[in-house]
Amino acid sequence: MLFTDSLFIFGLILLFFVYFLIPQKFRWMLLLAASIAFYAYSGWTNLLYIGATAATTFFVTKRIEKMAAAAKDAVSAHKSEWSRDEKKAFKEAEKKKRRRWLILLLVFNFGMLAVIKYGAFTMNNLNGIIGWFGERGTLPVPNFLLPMGISFYLFQTMGYAIDVYREKYPCEKNFARLALFVSFFPQLIQGPISRYDDLAKGLYAGNGFDAERVQLGVQRILWGYFKKVALADRILPAVTLLISDPEQYQGMYALLGMLYYTLQLYADFTGGIDITIGIGQVLGIPVTENFQRPFFSKNITEYWRRWHITLGTWFKDYLFYPVSVAQPMLKLSKWSREKLGKNIGKYLPVYVSTIAVWFVTGLWHGAAWNFIVWGLLNAVIILISERCTPLYNKFHKKCAWSNSRPYDGFMAIRTTLMMGCLRMFDCYRDVPLTFKMFGTMFTMWNVQIFTDGSLMKLKLTAADYGVLIAGTLILFTASMLGRKGSVRKRVWERSRVLSCCLTVVLLLTVLIFGAYGIGYDSSQFIYNQF
Amino acid sequence: MAKNKVLIAGLAMTLTAGAVLAAYQRLVQPKYMSDVVEGNLIADYYSSGMDHDVLFVGDCECYENFSPVTLWRNYGISSAIRGSAQQLIWQSYYLLEDTLRYEKPKVVVFNVLSMKYGEPQNEAYNRMSIEGMRWSSSKIGNIRASMTDEESALSYVFPVLRYHSRWSELTSDDLKYYFGAEPNFFSGYYLRADVKPAQKVPNPTPLTDYAFSDTCWDYLGRMMQLCAENNIQLVLIKAPSLYPFWYDEWDRQITDYAEKYHLPYVNFLNDDKLEATGIDFETDTYDGGLHLNVYGAEKLADWFGGYLKDRYDLQDRSQEPVLQAEWNDICARYDAEIERQLKNLEQYGNVKGEA
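Just so you know, the sequences run in chain order F and X. For the first sequence, my numbering gives the first residue as 484, with consecutive numbering after it. For the second sequence, my numbering gives the first residue as 25, with consecutive numbering after it.
These are calculated hints, taken from the structure and not from any lab test. Every value quoted in this text rests on a predicted model; they were computed, and no experiment measured them. One or more of the hints may lead you astray.
Reference excerpt, derived from the structure (chain F facing chain X, CB under 10 angstroms, subset only) [to be verified]: (1) F491; (2) A688; (3) N690; (4) F692; (5) L748; (6) P769; (7) W852; (8) G949; (9) C984; (10) V987; (11) L991; (12) L994; (13) I1001.
Glycine included, C-beta positions come from ideal geometry on N, C-alpha and C.
Could you put the whole structure together from the sequences, leaning on the hints where they help?
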């Protein structure tokens, strides 16, 4: 089910009414029922996967917590009898046991993801390798339908399990409540990947009606729909056309495709997240922000701190840091310091961890080489950028003009273009083709397409361009104004009437300028494919 | 915020948005005045006196091939056509059901060409058949039966969801006819006074299966039952259009059905009927044999009026004052329209008067 389906919209309105009408203690149960219904709509069998994740996580986290409590009790019971070393050894041994349970849980769940999402990719590649040796690749290639949002709910749930293992917070003792955390429906389409300690409190609180919160939440939902249906879905036919025929659309067309896709992806992903956060806000459930004006970033490192924030922090907390301090990495660090010198030895583990994280980030986006190459290129650019930091600092010190607003703007545009170029892997989904199309942007100088009416032959009318340009300007203005805090909140604080007018205007804008219904192809959210 | 204030604010927002949307919806809904005028045919019926002895239901072969004005002038028969472009059989059924809410004609004439379509076909034609209907269970039934996969029932309830993006295509017609369309039909008849002889009629393509679908038979049966329940004579016809081709295999199925249920069936394509009506495809069609022009429609109505009058005891009602007043107006408009089109033909070479 899409956020843009009329069934979803009517269901959501109904849910809002019922949520505030029923007693507080039943509200989370209503959300669970809605989440199950929402997920079941995508296919009953999908419930098995999410159910398995919820059930195994519930069982293992409870077990881990019980073991930790028992270990603590044992240490307190033998406080006077055991030496410090004995206590330490006991604690280590107990931790190891708990770690085994955690690893079992991670292997089961990520194994499930690996088989479903990466099984075909792995087998195809193995068949390819066998083919190199003259044999015909005959390994069976599995063909699973990817359950909706599996990459999102699985990461969220495994994050929770790791946190429980790390004793960051106690585990959830009620299976139904944990199931709600795992399956909270607005997040299932494309995240964000929330943390239990951020989400759970609001999820189970059953907050009552609050006019300000509901008004601002509804505005956020409408803002999301504006981005999705007025911009992303409007530009979609042009993007599809430009990338579907690479032989015809080269050079400046490739540049256009890159720019159009940048807008589409931004409007699509942030729009979906706005809808999710807005739904949460109406219900009194604070959902983590996933973006912070990413196209204002001065470099790619900053961009990744502002784009899909929850995925970045997940990888940082649960992959980068653990990999960086893992025994093999420490050994590598020691070895490289001894054999390769202090300088290389200092950086090598960081580079290895960074590359590993970006390799996995690429894989997370999809089981294909284009995503892997995309991830690795991100890593390469980030590492080069890190290494060049002293040079940049020198440059900024020497050239005062480089610390000005216009130069910041230049850097933001440069970052946006660079990210757009990297996203071409996402568009063409073919590594050699992407490089080729990127090359044509510099070798085929067909700039006449900007003036000879070719732009009107890309399944976009003058009216479409009008909406897209106006919409992009509105997005830019809203982002600029948003630097000083929520625009919606400021409007609310200034005047309730003005805030109501804003809601009405947003609603009308979505209904009038949205690209939906017959003649338009309302697409699935892009990140739902990942 | 106090509860009452919240309620009032919510209500005010909903009403404001609703009012603006309703006004916008009226603006962007197609007016069907200059192009595709057939879009107004269905709604046109409700402005009539709703007192008809003969009701035609069917597609363009109905609303372009029979002149109700001739039926009135020559026989005093008050008739109406409830037809729209590519009107499917279930649309005819629901329009008949809808009409019976307002009046009970003595004879219902159904053109059988639509038996060839067993599934929903085209959204644009659906819109023209359904949107003009007043809300009733018949309209809901029509929507449910007609929708193609890409359509949503909600967009029939709120047409703004369908036409929202027409803001970029608005013309002066959309403002001029904002509050309503001008009548440009004659009891459901679409008048054309130009002539384009039938010269190149496409050869029929053999079909793999000539059997009409169960859905069509079902609706024909329902139509028959509805007429029987209301003591109305159902007459099946095949209008004299040269194409889309009417296959012998199709004709046999209708003939057998008509015999089985004792229904009259008139195929105007048969030589004897063509001779009796005097239809000449050199002069009586405006689009090369697809549809008749007003001269052909008058010939057909003249013959058919006599046929109906003889068999179904239809009275000459031309002296009834209320009907007389209504038909005098229709006839005057009809004559004026013929004159206007002829003038345009002479001056511009087309009936619309486009330079």
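Q: Could you tell me which of the numbered hints above are not met by this structure, giving the numbers in increasing order?
A: As far as the earlier hints go, 1, 2, 3, 5, 6 and 7 are violated by this structure, in ascending order.
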